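4 protein chains.
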Amino acid sequence: MGIMRIGRAELKVLDLEKSVEYYTNVIGLDEVGRYDGKVYLKAWDEWDHHSLILQEAQSSGLDHFAFKVENAEDLEKLEKKIELFGCTTKRISNGTRLGEGEAIRCELPTGHIVELYHEIEKVGTKVGVVNPHPWPDGLRGIAPHRLDHLALTGDDIETVTRFFTEVMDMFISEKITTIDGEEMVGSFMYARNGKAHDIAFIKGPDKKLHHAAFYVDNWYDVLKAADILTRNDITIDVTPTRHGITRGETTYFFDPSGNRNEAFTSGYITYADFPTITWTEDKIGQGIFYHRRELSESFVKALT
Amino acid sequence: MGIMRIGRAELKVLDLEKSVEYYTNVIGLDEVGRYDGKVYLKAWDEWDHHSLILQEAQSSGLDHFAFKVENAEDLEKLEKKIELFGCTTKRISNGTRLGEGEAIRCELPTGHIVELYHEIEKVGTKVGVVNPHPWPDGLRGIAPHRLDHLALTGDDIETVTRFFTEVMDMFISEKITTIDGEEMVGSFMYARNGKAHDIAFIKGPDKKLHHAAFYVDNWYDVLKAADILTRNDITIDVTPTRHGITRGETTYFFDPSGNRNEAFTSGYITYADFPTITWTEDKIGQGIFYHRRELSESFVKALT
Amino acid sequence: MGIMRIGRAELKVLDLEKSVEYYTNVIGLDEVGRYDGKVYLKAWDEWDHHSLILQEAQSSGLDHFAFKVENAEDLEKLEKKIELFGCTTKRISNGTRLGEGEAIRCELPTGHIVELYHEIEKVGTKVGVVNPHPWPDGLRGIAPHRLDHLALTGDDIETVTRFFTEVMDMFISEKITTIDGEEMVGSFMYARNGKAHDIAFIKGPDKKLHHAAFYVDNWYDVLKAADILTRNDITIDVTPTRHGITRGETTYFFDPSGNRNEAFTSGYITYADFPTITWTEDKIGQGIFYHRRELSESFVKALT
Amino acid sequence: MGIMRIGRAELKVLDLEKSVEYYTNVIGLDEVGRYDGKVYLKAWDEWDHHSLILQEAQSSGLDHFAFKVENAEDLEKLEKKIELFGCTTKRISNGTRLGEGEAIRCELPTGHIVELYHEIEKVGTKVGVVNPHPWPDGLRGIAPHRLDHLALTGDDIETVTRFFTEVMDMFISEKITTIDGEEMVGSFMYARNGKAHDIAFIKGPDKKLHHAAFYVDNWYDVLKAADILTRNDITIDVTPTRHGITRGETTYFFDPSGNRNEAFTSGYITYADFPTITWTEDKIGQGIFYHRRELSESFVKALT
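Chains as they are written, first to last, in the numbering used here: chain A, 1 to 304; chain B, 1 to 304; chain C, 1 to 304; chain D, 1 to 304.
Careful: at least some of the hints might be erroneous.
The list treats identical chains as interchangeable, and a pair is accepted whether it falls inside one copy or across any two copies.
Said to hold, decoys possible - Here are the simulated BS3-like pairs of lysine-lysine, each with C-alpha atoms no more than 27 Å apart in a straight line:
| hint | residue 1 | residue 2 |
| --- | --- | --- |
| 1 | LYS126 | LYS224 |
| 2 | LYS18 | LYS283 |
| 3 | LYS77 | LYS301 |
| 4 | LYS126 | LYS77 |
| 5 | LYS283 | LYS224 |
| 6 | LYS283 | LYS122 |
| 7 | LYS283 | LYS126 |
| 8 | LYS207 | LYS12 |
| 9 | LYS207 | LYS81 |
| 10 | LYS81 | LYS203 |
| 11 | LYS207 | LYS301 |
Simulated from the structure, these hints should not be mistaken for lab results. Here the structure is a predicted model, which is why all the values come from computation and not from measurement.
Work the whole structure out from these sequences, hints included.
Okay, structure coming up:
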């Protein structure tokens, strides 16, 4: 049945231990293993082995991200569709990543690397599957439920959006267009999972990461997240507010390498018959930051 | 691709105008039309023409409920699967319901009537699809986003659950079993839409409605809902609390005919690889009412 | 200027260590010292040395409670007014309690023991007085801001209320009367401090404690409190709801000795010119539990 | 017993009807009367006749503000203390303002005009004093509970602070000082009412208004306030965030004449023995905006 969700992101960080410290104590993820110099992390409410991998590198940014597919056969089917679309694919062999099976890898029209995988070890959430409590004891930091979505920049938004809708069978919840409606300059896409977005693309330089978002429970937890960030001297890029796009509640901040993170919550539920909402570029400020109604320079320019 | 969501419920009410008054001013739905003596209603955040139909009758309860399928062809495919499962189907002709096309109708193993439909007029939400505000002016009452799910009772939970998973291709988010695990006495099922449940079945008499749930935004809106109910002298069955099952936040109450309603929010997100959570019957109190930890007589016995 | 607030309560508990475990890990108070077989505790946001004292005893209940007065001279003035009212006073010498100076002690018309004190060591809150963070790291359990109020029962509500208004110069925020308005059966009183109540009396047996309330931040923290109680198998008496009286949001539960506790938040602000709100006895259910609209047997009968 | 609270503010506005439209429909106050070309308004949860007066003028800003005192005799006592402090007082005769009795008027060391009054007609809140609901039907806009506090600028913070503590018997909850602690550049003061502040002064030009704040219920209502502001195209100065000073949750925005308003909630409770919290000027950014941690130019410069 195809893609279920964004399953993981591998981020490049400048100082591995400092980053692990941040992602475990400030964000509140759990370290689940190390392999090949990389650190694997998961949120407390995720079932799979990991959703975030940290890789030490000379520059920050996104190494790649990956979608989990529902069935093993989806890999082969999607591999063919990707090739038909004109992108080259590559098989990543079983065991390349800790706890994972084989993956399909390709480069997007925007230069980002995406993978598809099906097999991954199930670690389970911290509350278990028998008579579970709603949340576990001993949460640390922001303690999000899960990796929620990524936002990336690229030059050709139309083509990369076509890739996700035609090849990946994903849906566009919202898009940003020029005022005349001629050009798409932003798109927010989801797999058949009810989310407002698994992946978003905004007009900008290719290969860049705008942000990686983690899901928190509610607007009070967005406040708590921002409080925790200040206490830990983490730079906040955007203080708590609401998005016009997705209606979600949010705060943005930077990891120690300058990769932007988001604590995101709420938003609506999507279905395959959900119409695409359109934002015209003159209202992009309100679309992104519903209260400030204009973009900030840092939000536009700080990319990794 | 099959079932997208529970799309509508038709409730039997004892006094039509009194019920319309309640569903529009207390719940805060909008009346969208009347046809054949029935009143059609929708929530402000739903795209389709209606999600609730009120029918005046001698006794209260559920006339039938219906799932919306993603494609027109799904109807025929599901029709065959239903017949194969051993249930008789019937075509409901185009125009039988206001704003809807053809539907497939069948009787569940629990005696409830379910329909499948694809065509329905798109009315749109109150905020529109171009540069929308997150919520509209002029909301009334509890003002839920949407019809969220139904809970029904029936004698043979195993079989009706098999019907939904095998025929409807739905998933079980949680189930309740006897302590020895031998018998399933409750199941909570969702289509591929990220919800914690579209439909739930609890061991009890066949053909009965336990409740119809509407989705509100957050725990403060559950409080607001309960406040509104008291101000309007509506009987509350269960004051604000959390469910163990689904983790959702909730309050239950009765419409003027005694049909139980719920204002529900939160809960987790589900995917096809989400493991089924099991509640053993000895913990059913905690599963249903996480704080009270025991069922109330009215919650168990008041069925329509 | 007289009474500032309820400053402390001394509770009788059946098993001291089990109670300390509960009040430190579930409620989340800090143990600040032990003296004369008693354990002294404070909430993280209180400035004074302690607000709760636990005393091991054969039966549970309230040993006594105490108000802090603004100036040392207030003690003598109030001592005279108490005597004039007809109650006998007694001086409690400096050093009788850990961290406290001299106190005035008397018996209320309801048989409860109340003290007045001015001197108490200032320990400070966990966030300090220079460039403080809004909340400290490392909070445990429900982690209330402070002891908020007590509710007691007594036979002669009129007289004890007169004691607090005439002698203690306190104000009545709300009262409950018989339907004909002839008899007062409940009163909620506050010092000149903006609170909805420091002390409440409800018609019932003399000398009994109905509950001791701790202040939490908001309605989500009431939910969190109830979640924590269930996780710790603490009996909840009243699940999250709103009071009509005070408008506050609340959940009630029992300490290991059966003393009722409350996690309370919100409510309005009071001033000396705030009119007393009246609840007639026929609406007492709605006044106490705004959503349920009737008292439960346990809430009425379980007194210590 | 002296000052109870800030009771009213009279704002100068450039276009009276446009301002009335804003304060009634966006803020959600009720117009209670017009007299002498001025419009009188109150919040739904205030008992007194009015808390805000709008006066059409050539320039925006604060005409004056006023404290309500507990007893009629307080007026004379405070009149003498004011004169002793060296400020000239003037009697404002009964009937000068709609619904009010006599007042005492004086000019503060910062050039602002302040009045004291005791008599004012009691209109009552919208929920009444007998078996009241927690909130009324038919609220409009932000619908705050009350006028909460004012913040003003002035050159000599030390002297104006001394005026309020020595003459008005008010307390300093927090202050901002130069890093060496030598000079006070901000002070936040409250009457004996539990509030975090009734009035604040920040170093700046004399006679200017920084903002007038209205109290809303909780952090979700701050979000709702900001949503309403955007829907109504009101300029937001500061999007939802937390203050370090007072811990309160907040959003700032401008009325149609450029007078800054605030929707404020939470914060702690104060008592006469509450120690003054000190913020050093190097942390003023964090003190004012706990998340952004730096002042914005508009927040510092836009004064009326």
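Each hint tested on the structure:
In the homo-oligomer, the alpha carbons of LYS126 and LYS224 lie at most 27 Å apart both inside one protomer (21 Å) and across protomers (17 Å), since each shortest distance falls under that limit. Within a single copy, LYS18 and LYS283 get their C-alpha atoms only as close as 39 Å, which misses the 27 Å cut-off; across copies the closest is 25 Å, which meets it. Taking the shortest alpha-carbon separations for LYS77 and LYS301, neither the intra-copy value of 38 Å nor the inter-copy value of 50 Å comes in at or below 27 Å. For the homomeric pair LYS126 and LYS77, neither the shortest alpha-carbon distance inside one copy (34 Å) nor that between copies (40 Å) is at most 27 Å.
Within a single copy, LYS283 and LYS224 get their C-alpha atoms only as close as 29 Å, which misses the 27 Å cut-off; across copies the closest is 20 Å, which meets it. Taking the shortest alpha-carbon separations for LYS283 and LYS122, only the inter-copy value of 25 Å comes in at or below 27 Å, while the best intra-copy value is 43 Å. For a Cα distance limit of 27 Å, the shortest separation of LYS283 from LYS126 across copies, 19 Å, qualifies, whereas the shortest one inside one copy, 42 Å, does not. When the C-alpha separation of LYS207 and LYS12 is checked against a cutoff of 27 Å, the pair qualifies only within one copy, where the shortest distance is 13 Å, while the shortest distance between copies is 54 Å.
Taking the closest pair of Cα atoms, LYS207 and LYS81 come within 27 Å of each other only inside a single copy of the chain (22 Å); across copies the shortest separation is 46 Å, beyond that limit. With identical chains, the CA atoms of LYS81 and LYS203 are at most 27 Å apart within one copy only, with a shortest distance of 25 Å there and 46 Å across copies. In the homo-oligomer, the alpha carbons of LYS207 and LYS301 lie at most 27 Å apart inside one protomer (14 Å), although the nearest pairing across protomers, at 40 Å, exceeds that limit.
Comparing the model with each numbered hint stated earlier shows that hints 3 and 4 do not hold.
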